[in-house]
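A.B. asks: Work the whole structure out from these sequences, hints included.
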Amino acid sequence: MMTETISKQSRPLSSFLLRRAKVRLFSLLALPMTWIVGVYIVSLFLLLITAFWNVDPFTSRVSPGFNLDNFELVLTVPAYIATSIRTLLIALTVTLICILFAVPLGIYMAKIAKPWVRNLLAVAITLPLWAGYLVKIIAMRLVFTEEGFFNWAMAPFGIRGPGFSVPIVILTLTYLWFPYMALPVYTAIRQIPPNLFDASSDMGAKGFTTVNRVVFPLIVPAVIAGSVFTFSLSLGDYLAARFTGGATQMIGSIIAQNINLNPPVAAAYSMIPILFIVIYLMVARRTGSLERM
Amino acid sequence: MHEAMGEFEGELNIVNWSGFVEPAWTDKFTADTGCKVNPRVAGTSDEMVTLMRTGNYDIVSASGDAALRLIVGGDVQPLNISLIPNFSDDIAAGMKGNVYDTVNGKPYGVPIGRGANLLQYNEDVTGGAPESWDVVWELDTPYKGKITAYDAPIYIADAAVYLMYHKPDLGIKNPYALDETQLAAAIDLLKQQNQVIGEYWSDPVAQITSFVGGNTVVGTSWEVLRKFAGKENIKTTLPVEGSTGWFDSWLVSSTTKNINCAYAWMDYTSKPEVNGAIAVNFGMAPANVAYCASSPEAQAHCDTFFAEDEEFFKRIWPWTTPIETCVDGRKDVKCTSFQDWTNAWATVKG
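Chains as they are written, first to last, in our numbering: chain D, 1 to 293; chain W, 1 to 350.
The reader is advised that the hints may include incorrect statements.
As the list claims (entries may be wrong) - 16 angstroms max Cα-Cα, derived EDC-like pairs, lysine to aspartate or glutamate:
1) W:K231 / D:D202
2) W:K334 / W:E180
3) W:K144 / D:E146
Honestly, the hints are just simulated from the structure, not real lab data.
C.D. replies: Spelled out as structure tokens, the structure:
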């Protein structure tokens, strides 16, 4: 039998590792650490250090050096500041809308819906993840063109879409990142023991009070986890703005514009979303929800 | 400089605009020379410059705004025209010896073709060809929110062309030679346009769908995009102010290992029939006008794209990289460089 042969075999590798704790630790971490340090951190560092470099004014050639002009540019040019603020507001709005949709949907799926409805909804939420990211953006573009589906479908009611603008960008980003909010929230609500709901109603709490006082505090970590995705992914996106935003600029639009023309400015400007994310994570940490994640 | 043709190296790595390098003409080239063609499509001039600087490519189909940057940056080498017999008298006069690909009398580029940045309009809405570019620049335009503009710093030159005509006091003589005051005026005009614009385009497909879908009524376009839009009511015109345009040429990397294949390629693509095939495929005026007389279809293509109409192209300012030395010959001022344009362009869209 298979099990007998294994147990009777001497296993030199296992016994070797059993005796040497450091080697064991090393072999466990070697691969992930090579990835994190060698590939991830180093390349990020190489990218960010470019922010201090110089650009030849005529040939656009980049040469190593040290100056803070690019940061000065990023922090003083009105267009850059306006774009930073706009992007931040778009990312926050997308996150908020995702939460507003995900919580009731999660409660319904986890606690009210019949199993087949629940499965159907779970499929419906995850299905868009199977389509390509660019395909989804182009789909939104087609829906909201002047002679597109939205205006056609809404024409009998006298409603016309806003055209390519910030609201459509927010809608597109919400569409793109909603599953990343809906799934953790749904999972968290499922894990709430049913007797907590019974206890709540025994104490005389109505539906809304139960959601507010029992459900929400318990799913905050999941909401924060989801919002890290929706917030940071929205912050870094620029294709949604390019294809559905009309003349709307986001941080990514300016970085993409400069990546060939002026890489140091692009690098300096990429510090802004990093800064936003760090602040966001620090605030989230203060609320204590990262520990419970 | 390459002195004499030698053995073919067996491969050629090309950075090109979409549609310039197709099996329809590369297969024969490979069969004739044994040079295997590896094309890499670039979307913008700026991407082309970046790609050429990697040193992985032998030759590039550069527009004038990339060419001068590559030449001054030492990324491309001067050419020995005597090794390119098809670079002959048949090459359109307006495409020879231009400032963007001939530096200090040395030729760097072999012309491929050219086209103009035209004003495209939806005739159902405008009811006729707009006479002036004012419909895309002025605040009182009837098409507010339905205007499109090209999304690159070189578009500043289009603002300069408009100012040249309407604000002669500024003294702009060449839209690529702007001193600081003139650049500021162009940027002000672009900021004004930003208030009425619907969309900036750099992706041709997005521009076409915008016109076809009704989101855009007027804006910058190329003749080939109008053809692809394929609608009777979408037309192009050259307004009274004139316009900018792109003149493309082959430039050879200064570090190429496949120099003989590169020269053979430039000679091959300068043949009337091959040059014509590229021009028809991309939708531009061929550099070699001998192609036009080869058939009625060829003549029709040449007429559509004004290939032999030097008067038309005299009203077009070919894309050129702006440099500190004013290309209009002024010696008393310093002109703004492409880096200044890039930084200024970033402030336009807000």
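A.B. asks: Look at each hint and say if it fits the structure.
C.D. replies: Evaluated hints:
1. W:K231 / D:D202: Violated. K231 of chain W to D202 of chain D sits at ~69 angstroms, over the 16 angstroms cutoff.
2. W:K334 / W:E180: holds (8 angstroms)
3. W:K144 / D:E146: This hinted pair holds, its Cα atoms lying about 14 angstroms apart.
Violated hints amount to a single one, hint 1; each of the other numbered hints is respected by the structure.
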